[in-house]
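Chains as they are written, first to last, in UniProt numbering: chain A, 1 to 406; chain B, 1 to 442.
Just so you know, the hints here were simulated from the structure itself, not pulled from any lab data. Careful, some of the hints might be misleading.
Unchecked claim - Under the rule of at most 25 Å between Cα atoms (straight-line distance), these lysine to any residue pairs were calculated in the SDA-like manner:
| hint | chain 1 | residue 1 | chain 2 | residue 2 |
| --- | --- | --- | --- | --- |
| 1 | A | K263 | B | D161 |
| 2 | A | K67 | B | R175 |
| 3 | A | K67 | B | K244 |
A quick note: this is a predicted structure, and the numbers were derived from the prediction, not measured.
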Amino acid sequence: MEIRPIVSSLKKHRIPTLLIVLQIALACAVLCNAVFMISGRVKQMRLSNAMDEQGLVSVSLQGTDPKLIGSDTQRNLAALRSIAGVQAVSVVHTLPLTNNNWGWSFGITPDSSVTDQKNTNVTLYFVGQDFQSAMGLQLREGRYFNDSEYVDNAINNAALPNTHVVIITDALSKQLWPGQSALGKTLYSKPNYYTVVGVVADVLRPRLWTSNESKSYYNAFFPVGADDVMRNYVLRSTPADRDRVLQQAVEKLQATSPQAVVKGATFQSIRDKYYADTNSMVWILVLVCAVMLAVTAFGIVGLTSFWVGQRRRQIGIRRAVGATRADILNYFRTENFLLSSAGVVLGMVMAYGVNLYLMKQYELDRMPWYYLPFGALALWLIGQVAVSGPAMRAAAVPPVVATQPT
Amino acid sequence: MMGYYMDLALRSLRHNKVLTALMVLAIAVGIGASMTTLTVMHLLSGNPLPGKSDSIFYAQIDANPPLSPSHHNEPPDMLDYQSAVDLWSAHKADRQTLVVESPVKIAAQDVQQPPSMGMLLSPTADFFTMFNVPFQYGGPWSADDDTHRSRVAVISADLNDKLYGGANSVGRVLRLHDADVRIVGVLKPWRPTPQFYYVVGGRFSHGQTADYYAKPQDVFTPFFTSLQINDGNFEQFNCWEAPKVAGHLVGAGCVWIGLWVELGSAAKVASYRNFLADYAAQQKAAGRIGYADNTRLRNLMDWLAFNQVVPSDVRLQTWLALSFLLICLCNTVGLLLVKFLRRGGEIGIRRALGASRKQIFMQCLFEAGAIGVLGGTCGWLLTLLGLQWVRAQPVAYADLAHMDLVMFGSTFLLAVLVSLLAGTLPALHASRIAPALQLKTL
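Work the whole structure out from these sequences, hints included.
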């Protein structure tokens, strides 16, 4: 296809040409960055979590007498176990994605204290007996806690529990002791120390690290018997029984402690709540991209339709002197391809610039290079689809038009 | 003449209905998206204490002990107990209040409702006058109540509605944690935006600051009273050594209390700055703190800016919407331009029959303006729809989303501006059409 006549024709319509190129460029820049942001957020929402989420419900019990927590907990656990369909019950102090984070920093040498800069920041999960079946965890190495390890272990208003055993996640084990088994190794935070007895598959933290995916899995589980912080009862059942189990569990606990504040939630709803604003931002971005591309496409349709109308006579003459329908079709397709190309080249530069700005202002990551050609390809395709309608109409112009006055 | 131009414009618009609809729609969605995000931005970045914010200051010293690993160039966002109480009890400012927030169990003895968890704010008496907090019933507690640790409380309108059905509850007794307090005041509905008196840690939040726009706390009790009744439930902002008893931070190596002061004149501000510096120097000399020259006294708006209170998602959405509007604008200008130029013949005839350039320009501008007005009106409706949608979002500021008078006017201004922008260039071009050339091609 000869490009020269197309270019000289476009030169005659300089301003509309510039406008459509600018529009495509802007759309390309916004599209690349928006898709990059969407993918980052979707990746965050899809972070794996090695626990049985489907059948899990949690009931929190606040505002009961701390002095009675030992007997209360035993009574409550027994009451919850008696609910039909419950497969496992335990009590913990927090769950993944609840925003209730108890962080601490540990080192791997005996002289590590909590304020050491080279320590690793870890979430502490204080867990009661049978937490592994209630939460549905997966053991990778070693063992879970013995019953005796729970007895008399408490936190008693301190910052750390008085036990000496710990179970950590796979990601934390790889961070602290890369290439080695963590079993038998020790976490230190003067004067406390904890020996690793087991490693479980990666469970999410109560609050995720947006900047570093594997940091979202740095968890340590400590066995705790009766303690004032242990106020989240977790129950596992089949997903079908889940909602009924939740309702009965709330009723039971409220009945046994009428003065307490009882709140229940399925883990699914905890997850939904945690990701709610991420989710809504994703939909905003998707919506904006869709409407933006539609506006761009209709802009191309409108502009090309006008040009086709304007050039009816010329098209007729070209047809009369021997141009085939395919030639006319190709003319408009090539014209659109040139416009899109100019647009996406400018757009890719703009997209890169926008990304640099966002990195500086909003702590976004660098956009991988392949987003740029992807955005370009998308706009080329949209351009070609949009132009095909008017181009077909142009191709359908009969040669006889050449002989008619306009 | 105007009527004639309008008639011409409508005729032309009716001539190609699909195209007209397309242009109107493009402007409408562009304006709808931009105005929705700009409205949210406007609401979230406003001044929560207009007329007074210049005289309200957030006082900071670096309470880290010598060689503390948690020392940075910026002092911690909050104070430790001793510094906070020393600075507060010096009463060097016109007004001053401490602030700390903690979760608390709330029960009302004489009401048949299960207890609930709520948030407790522990300020001192000046808080209510300093921050223009409106009262429905009763009033704030007195300075004596602060020092005597009186068991008194002020409750929010929401809590009053929930517990007492909105009736005057002054004098009734509320159970907080395990202590009884007497209600002395009930607030009017009060929604400071953001919850400016408790904005801390913005620089560590990675832009996720939506929770700064949460509703005020449910209950307010005097600072020193709260330390007694809700002991064990306070949370540290940061610590250089672990507290011996979790939630009991008096005397612990932690920062957890904010100090706000009201200073009525520049001279008072300067002298308070000196006071802070002197206090820090004196404490350093005593060996208690390690970094004497690390004090700050930012006014309210500077403190909010320092904490970047507007969530980064909202700022991103605003940029997104504005670039979207630009795309829609390009689109409309391009379409109008080709539309006018396509009518070159018609314009040529008009010019030949005596229409001046200015008249052609006005005729085209009327057509563009009509599209702008239609687009603007639809855009305004879309903005209302957009705000409705924001209200349904799961964010702390959702209930704030509404269109105020300023934004109502701005929307109209934007619509007019956009339509003029969209219309001027094509109209200018159309009016430059040389009549002779056009007539020749007819």
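Hey, K263/A versus D161/B, does the alpha-carbon distance stay inside 25 Å? 21 Å, holds
Under the criterion that the straight-line Cα-Cα distance not exceed 25 Å, is the pair K67/A, K244/B satisfied? Distance of about 19 Å is within 25 Å: holds.
Under the criterion that the straight-line Cα-Cα distance not exceed 25 Å, is the pair K67/A, R175/B satisfied? 19 Å, holds
Consistency with the previously given hints is maintained throughout, with no hint failing.
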